[in-house]
Amino acid sequence: MNLLLIILGVLGLLIVIVIVIYNRLVALRQTCNQAWSDIEVQLKQRQDLIPSLVKVVKGYAKHEKETLQAVIDARNSAVSANSVGDTIKAEGLLGQALGKLFALAEAYPDLKANQNFLQLQDELSDVENKISAARRFYNNSVQEYNTGTEQFPANMIAGQFNFDKRDFYESSEGREALQTTPDINF
Numbered sequence: 776m777n778l779l780l781i782i783l784g785v786l787g788l789l790i791v792i793v794i795v796i797y798n799r800l801v802a803l804r805q806t807c808n809q810a811w812s813d814i815e816v817q818l819k820q821r822q823d824l825i826p827s828l829v830k831v832v833k834g835y836a837k838h839e840k841e842t843l844q845a846v847i848d849a850r851n852s853a854v855s856a857n858s859v860g861d862t863i864k865a866e867g868l869l870g871q872a873l874g875k876l877f878a879l880a881e882a883y884p885d886l887k888a889n890q891n892f893l894q895l896q897d898e899l900s901d902v903e904n905k906i907s908a909a910r911r912f913y914n915n916s917v918q919e920y921n922t923g924t925e926q927f928p929a930n931m932i933a934g935q936f937n938f939d940k941r942d943f944y945e946s947s948e949g950r951e952a953l954q955t956t957p958d959i960n961f
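Going by the numbering used here, the letters in the sequence shown line up with residues 776 to 961, in that order.
Rather than coming from a laboratory, the hints here were simulated on the basis of the structure. This structure is a prediction, so every number in the text was calculated from the model and none was measured. It is possible that part of the hints are untrue.
To be verified - Listed below are the simulated EDC-like cross-link pairs for lysine to aspartate or glutamate, each with C-alpha atoms no more than 16 angstroms apart in a straight line:
| no. | residue 1 | residue 2 |
| --- | --- | --- |
| 1 | Lys875 | Glu841 |
| 2 | Lys887 | Glu903 |
| 3 | Lys833 | Glu881 |
| 4 | Lys940 | Glu919 |
| 5 | Lys864 | Glu919 |
| 6 | Lys819 | Asp861 |
My request is simple: use the sequences and hints to build the entire structure.
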């Protein structure tokens, strides 16, 4: 009788441990999902600003169609991205295209002084800062989630219930900047 109670007690304790670990993994996964949703909101705001920005630039730089078309194509690609990996790639290309657009604006002093352009540029800068903050939060959530799914004994439960590893949101333009050495002349 005592042996049966001990076995039932140990079995009950194991069940409670599995439930606690499972619920923790679910909470970590939900935090990652919420963090990704925050990024998507900021990316959508950036995507919504781009048509207005292109319209303002188009009025000043009519013969710069290639650069403007590259921005529009990159935005459309970012809007239609369906997976995290596709979104990260498309947003990296959009960031590069926007960089070219702002570099183009340097050649047009009237454009640089245009209030609409300056306002859109400020809004875009604010959104970029929010994207950066959301990316940090997402990557932190992914790190906690991945660590949680890899630690023992949670890794056994994670494997049984398909808690798959998540990828970090790494900026492609940031990685390229680290890989290239700037040319400095004195």
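Discussion item. Check the structure against each numbered hint from earlier and tell me which ones fail, lowest number first.
Written reply: 2, 5
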